[in-house]
Amino acid sequence: MVRFENVGLRYGLGPEILRDLSFQIPAHSFQFLTGPSGAGKTSLLRLLFLSLRPTRGLVKLFGNDVSLLGKDEVGELRKRIGIVLQDFRLLDHMTTYENVALPFRVMGRAESTYRREVIDLLKWVGLGERMDALPPILSGGEKQRAAIARAVIARPSLLLADEPTGNVDPTLGRRLLRLFIELNKSGTAVIIATHDITLMDQYEARRLVLHQGRLHIYE
Amino acid sequence: MNKGGDQRGVLMDLGKERPQVPAKARNVSPIVPRGSIAGRALVAVVAIMTFLASITTGTVLLVRASAAEWQSDVASEITIQVRPVTGRDLDRDVAGVTAAIKAQPGIADVRAFTKAESGKLLEPWLGTGLSLDDLPVPRVIVARIVPGATLDLAALDASIKQVAPSVSVDDHRAWIERMRTMSGATVFAGIGILLLVIIATIISVSFATRGAMAANRPIVEVLHFVGAGDRYIANRFLQHFLRLGLEGGLIGGGAAILAFGFSESIAGWFSGTPVGDQFAALLGTFSLRPSGYLILAVQAVLIAAITALASRRTLFATLDDID
Chain A
9 MVRFENVGLR YGLGPEILRD LSFQIPAHSF QFLTGPSGAG KTSLLRLLFL
59 SLRPTRGLVK LFGNDVSLLG KDEVGELRKR IGIVLQDFRL LDHMTTYENV
109 ALPFRVMGRA ESTYRREVID LLKWVGLGER MDALPPILSG GEKQRAAIAR
159 AVIARPSLLL ADEPTGNVDP TLGRRLLRLF IELNKSGTAV IIATHDITLM
209 DQYEARRLVL HQGRLHIYE
Chain B
71 MNKGGDQRGV LMDLGKERPQ VPAKARNVSP IVPRGSIAGR ALVAVVAIMT
121 FLASITTGTV LLVRASAAEW QSDVASEITI QVRPVTGRDL DRDVAGVTAA
171 IKAQPGIADV RAFTKAESGK LLEPWLGTGL SLDDLPVPRV IVARIVPGAT
221 LDLAALDASI KQVAPSVSVD DHRAWIERMR TMSGATVFAG IGILLLVIIA
271 TIISVSFATR GAMAANRPIV EVLHFVGAGD RYIANRFLQH FLRLGLEGGL
321 IGGGAAILAF GFSESIAGWF SGTPVGDQFA ALLGTFSLRP SGYLILAVQA
371 VLIAAITALA SRRTLFATLD DID
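Taken in order, these protein sequences are the chains called A and B.
Numbering-wise (my numbering), the first sequence opens with residue 9 and increments by one.
Numbering-wise (my numbering), the second sequence opens with residue 71 and increments by one.
By construction, these hints were calculated from the structure, which means they are not laboratory data.
Backbone N, C-alpha and C define an ideal beta-carbon position, used for all residues, glycine too.
It cannot be assumed that every hint is accurate.
[Stated by the list, open to error] In the DMTMM-like style, the derived pairs of lysine to aspartate or glutamate whose C-alpha atoms are separated by at most 25 Å in a straight line are:
hint, chain 1, residue 1, chain 2, residue 2
1, A, 79, B, 390
2, A, 87, B, 161
3, A, 87, B, 139
4, B, 185, B, 161
5, A, 79, B, 161
6, A, 193, B, 161
[To be verified] Label-pair restraints from in silico Cβ distances:
hint, chain 1, residue 1, chain 2, residue 2, range
7, A, 116, B, 288, 46 to 56 Å
8, B, 331, A, 115, 42 to 52 Å
9, A, 117, B, 255, 54 to 64 Å
10, A, 28, B, 302, 30 to 40 Å
11, A, 115, B, 284, 51 to 61 Å
12, A, 116, B, 331, 37 to 47 Å
13, B, 265, A, 84, 37 to 47 Å
14, A, 32, B, 305, 49 to 59 Å
15, B, 309, A, 84, 20 to 30 Å
16, B, 258, A, 81, 41 to 51 Å
17, B, 302, A, 121, 27 to 37 Å
18, A, 121, B, 309, 18 to 28 Å
19, A, 116, B, 265, 23 to 33 Å
Okay, chain A solo, but in the shape it has when bound:
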């Protein structure tokens, strides 16, 4: 599904922050991406989400060499990827329901075909009572859950999550992890970037550890 070969990344003329990354993300796989702050976890997620292009090396995503992709093709591939960012990126003028339903809306699907699914998922992540609330009045944890729900609602082939349990209590963290596991069981490859050792200890999965720009894989 994803293949990196000798990938390097630098911002401008700065030092290389990711060096010689070579790994594969198989379909239906589950892995944690971890490492100290500043190790390049977010940059690697951005490479996987096609919002950055590598400075060198080969990145293949769903069988496509990303260096050859046009803008429209990038958009099409992104429809197969769900992403949860640390800053949530919810739209403030839309209700929680509307934010979570946004991927379906962009796809042009009729609301009647997904409304039940969106409401079920919101209930599952504990936002059943906050469907009509606007993001500015949601707490940090609620925003995070809404962002996760938006990323998983369309059941993407690949889910990227950057510190998805950073703002929630341990109980809800476990519940969200269960959601990711369920999603993985239904066929989505999941990459969770996290510092949370407790979270990683709760589920036996492959660990990708970034350290000083290099990647170490623990199967």
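Chain A is already provided as a structure; the job is to place chain B on it using the hints.
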């Protein structure tokens, strides 16, 4: 998106926890909020531009129509001047020339001005109350040409010169040429103003679009995250700009159409004043033909379309930058 996803069944089983669907949970918010686009300022700019463009076009149409009317009036008559010469009877010369002109084919009507009428023509230059008896005032004969007829001016000139050698014929060709040049210059200036108005509209709309995109950058980024293509995003913004352009075009074009609709009445208020008379001389009755109103309406729609196109072009350029 993932076509296989729909076949995987529900993502999680809520069992007895399945909630009642709240009535309010629906997509009601626009993806791009209308309030985030500086709409009023843009509507005002487009309305003003459309109004100016419509006034320019309407004025050009009026001048062209008046000029065509003058040209057809002037071209349908010739003026013969009989100058007094010592030793000749001017009245007899005038009668002879009038008869000779009447005998020419293509002449519909001939009218010789009397001495008093000819003298009256000089009043603007010489003033009133002056005795013209002792002055050698030439006499004017006006001949109307049968519509569509081509007059042989050389033959006419030769035949009347045999009657009175001191005559001269003026077919107003020089005047018509000047009128044509003036009307052409007005049209040219009008087109120039229209182009400037359109360019100013495009620049204003481009700035407004860039401003709107900058204000909505977070929305654009999120739409990119959820897989929306540039065309989808641009269309969300374009709907706003097309509506703003149509609103502006409707207000500006409507105001201009009303202005021309009432211009006849407004001109009536100023009739008899020097300014009113000058405008009446230049623009005739101020009344625009029905086809003129149609042109103004089409122009308003065109400016709305230009607004949308300029916005679309800027949208795609800005989306490239954001990505």
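Results for each hint:
1. 79/A x 390/B: Given that 25 Å is the threshold and the Cα spacing comes to 9 Å, the pair holds.
2. 87/A x 161/B: Violated, at about 100 Å.
3. 87/A x 139/B: Answer violated: residue 87/A to residue 139/B is near 66 Å, above 25 Å.
4. 185/B x 161/B: Cα-Cα ~9 Å, so holds.
5. 79/A x 161/B: violated, 92 Å
6. 193/A x 161/B: With a Cα-Cα distance of about 119 Å, the restraint between residue 193/A and residue 161/B is violated, given a limit of 25 Å.
7. 116/A x 288/B: 46 to 56 Å: 22 Å Cβ-Cβ, so the 46 to 56 Å window is violated.
8. 331/B x 115/A: 42 to 52 Å: holds, 50 Å
9. 117/A x 255/B: 54 to 64 Å: holds, 60 Å
10. 28/A x 302/B: 30 to 40 Å: holds, 37 Å
11. 115/A x 284/B: 51 to 61 Å: violated, 27 Å
12. 116/A x 331/B: 37 to 47 Å: This hint holds: roughly 45 Å between Cβ atoms.
13. 265/B x 84/A: 37 to 47 Å: holds, 41 Å
14. 32/A x 305/B: 49 to 59 Å: At roughly 38 Å between Cβ atoms, residue 305/B and residue 32/A fall outside 49 to 59 Å, so the hint is violated.
15. 309/B x 84/A: 20 to 30 Å: holds, 23 Å
16. 258/B x 81/A: 41 to 51 Å: Since residue 258/B and residue 81/A have Cβ atoms about 50 Å apart, the given range 41 to 51 Å holds.
17. 302/B x 121/A: 27 to 37 Å: With a Cβ separation near 18 Å, residue 302/B and residue 121/A fall outside 27 to 37 Å, so the hint is violated.
18. 121/A x 309/B: 18 to 28 Å: holds, 23 Å
19. 116/A x 265/B: 23 to 33 Å: violated, 40 Å
Checked against the numbered hints given earlier, this structure breaks hints 2, 3, 5, 6, 7, 11, 14, 17, 19; the rest are met.
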